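Protein chains in written order, with this note's numbering: chain G, 1 to 373; chain P, 374 to 898.
Just to be clear, a hint being listed does not mean it is correct.
[Unchecked claim] What the simulated footprint calls covered on chain P by chain G, stretch by stretch (three residues with Cβ under 8 Å from a Cβ of chain G suffice, anywhere in the stretch; the number is not a length): (1) 622 to 634; (2) 684 to 696; (3) 735 to 749; (4) 765 to 775; (5) 861 to 871.
[To be verified] Here are the simulated DSS-like cross-link-like pairs (lysine-lysine), alpha carbons at most 27 Å apart as the crow flies: (6) G:Lys6 to P:Lys744; (7) G:Lys239 to P:Lys401; (8) P:Lys556 to P:Lys401; (9) P:Lys744 to G:Lys239.
Just so you know, these hints were derived from the structure itself, not from any lab.
This one's a predicted model, so the numbers in the text were calculated from it and none came from an experiment.
Even for Gly, the Cβ is constructed at its ideal location relative to N, Cα and C.
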Amino acid sequence: MKKFDKERVLLAVAGPVIALAVAFVLSAIVLLASGKSPVEPYALMFEQLGYSDIQVLIINQASLYYIAALAVAIGFRMNLFNIGVDGQYQLAAMMAAVVGAHANLPAVLQVPLLILTAVCTGAFWSGIAGILKVTRGVSEVVATIMLNAIATSVIAYLWLPNVFGVKVGNNNTTGEMHESGWVSGISMGDAGEIYGLVFLAVLLGIAYWVVLNRTRFGFDLRASGASETAAAASGVDPKRMVLTAMLLSGGIAGMAGLPILLGDTHTYSLNFPTGIGFLGIGIALLGRNSPVGIAFAALLWAWLDKASPELDFHGYDKEIAVIMQGLIVLSVVVSYEAVREWGLRRQQRRVGAELAAGHVLGADNNKKEVAGR
Amino acid sequence: MTAVELAGITKRFPGVVANHDIHLTVRKGTVHALVGENGAGKSTLMKILYGMQKPDEGTIAIDGRQVTFSSPADAIVRGIGMVHQHFMLADNLTVLENVVLGSEKLYGIGAKARRKIKEISERYGLGVEPDRLVEELGVAARQRVEILKVLYRGATTLILDEPTAVLVPQEVDALFDNLRELKAEGLSVIFISHKLGEVLSVADEITVIRRGTTVGTAVPAETTPRQLAVRLVGSELPTPETAESTVTDRPVITVDKLRLEAVGGKALLDDITFTIHAGEVLGIAGVEGNGQTELVDALIGLKGADSGTISLIDEEITGWSTRRRREQGIGYIPEDRHRHGLLLEAPLWENRILGHVTEKPNAKGVWLNPKAAQDDTRRIVEAYDVRTPGIDVTAASLSGGNQQKLIVGREMSSNPRFLIAAHPTRGVDVGAQAAIWDHIREARREGLAVLLISADLDELIGLSDTLRVIYNGKLVADADPATVTPEELGSAMTGAATGHLEHDDTTPETPDLSKSPESGEDEAR
């Protein structure tokens, strides 16, 4: 039925559009309240979109966000809240940097080795939370938050000069990685370079969609998220599914730092971006756990990040972008739930109306029904 | 003198059946039955009368005065009380506390309230003890507490929503005595049911509702169950009777000394032993909560047995996972389809896959095959008469009966060897009920073994080849469905009778008339 497809698109778009509109209006109110123009900051930020160097920055930043958000989203799809993406990707990036600095294989092996290291580290870190959940019933939310804090300490330890650390001035680093592990970017001339591993993000997005929507495993995972009881009755082993989803989520999270590590910094230092895992939560929410939606959301976030510094030069605080990100997350949660309920009711009504009008699938070969009316 | 008069009520409602031009007149001091299939619009109508929904058109008059309700509180003030099908009681509070909860202003929460409760209890013969904990009470006693609760709030018109669904026959009789007391005191009762036999025995007047509108009223003395039933469904009546036996001597499922314990060691199931052969339907009778749910969980693999074995044909499956059991030919129609049978917000074709994700046509290797699953869903929708405009709508937008038909179609499609059917026609309208019975019968002819658990004794007696009674986690009695009566089964269900239930010829034959056996096989189809 084409009609219901259109309906689904409408519902999918309505949530984010309402949320964004509300967030922009609320941010404008914040600006007004602080005695500033509610319009000019937006104009300035939109202007930034036109500059090619900003575009490159946005795409590069978005690739990190995108991978982190996918990691969160795969948990969301089965009602698991992996808050630990932040710790997982940082620890994973550090381990990859350490391996990259000490191992030196040909590039065809070195890059996969680094990716594998990151995936395994991320999965190991989230797996701890997974095992605690299935064996001891510890909430994954609590466990992953704790593991974030532990990851920070572990990283600090690994940075010690007598472990893997290399001091560069005041900066802690893991030493420079061997060049065989660098992934060269796509040169955009003066605008800079797009990370080569942006393609990894795209591939992950495609794989995410295929696995969830086209495999038995994906179906089981989605069923577990939609109804734990129905999934169990359908033959899904709930514990195994929790553990698998946690490992997958952590594995993807492990890759979130790789585009910048292999494409730009080539070392894990104090300057390495932090907090991407937390931003990923908001991005996954805004993107409705769909690979395309998350891509848009990641680009939006990256734009807010990269365009906002310009505000400082015009007498505005760039923190307005952070306020807006927060407001978006808040409105997203409210508007999605409202749209979801509205959509369900609307469909029930429409199904009722269609049935009342006699539009029953296969009504022709069912004389009893026709007679009954 | 009329207590309640609904005229021209129309409700355009987000659902499958809306109310359309409903007329209902309830006289004072009578029991007025409202009968109709599930999904006919009874609940909507009662929600309107109880102030939970506002009608789009039409009027409500109480004691001759027109009123509008914007909430149940308004309805309660006007003397309307509702006893819900699912009790709204706090288990860990006493009866007194439950009754005064939310109405503390009426008679306080102390001695005065206790006196009032005792007074009401005595006046209507309810036998309610104010200081008992609700968790200690049986189903029937809880229901009386619910009735007392609405009387305590000054109700003069009581709405009882399917009050007998959870009761055994003896308890039903006691409830009807209570209702007679109520009407003798001048109160009015609106009794919602789809069990025609009960309705005819207790009601003074009957209003039939079909497809959202009232199709007429009847007086029990002047109508037969058959006439009433024809009005109800608008067509011929189904019967669960199975004519010829198809039982073979090939055992399909063998359960031996199965035991299941709750945390702490209390036996939920104890010494359960039975064999179901190909072509046999084994019916399990019992009051809900006596181990049926646990038995089903143990058979489908959701709960592991603490001891004992389960075998399918000649393989022991006690240690198998749910998925393996399903793949090897155990079909499952769950008791609670919303919790265990469906993904409500997923489209119908994804629900076709649920539980059969590893099987053809849903999967090719590790890959899903959405196209084939969709095609097969279309086939099920047509073959099982699931009324839906398409297979992309969510399961939540279908009515209960159509959801159930989809589940039955799905489970039958994988050609199971053993089917667990827990309340397969609960909350399903008469038409769908007949269709589901037909499908079970047909599969049985082809050698399916069925475990049937049902609260509907006529369904059990009519469909089963063998009957067992479960009480307190044990199979305490067995009976021959050809001769046993609902009353005899009912007394075994309360634990009063054990062993083989021999038919006693002095017991009068009083089957549920709505599916009376005299309707005969051929006529019914």
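Notebook entry, point to check: Which numbered hints does this structure break?
Noted result: 1, 5, 7 and 9
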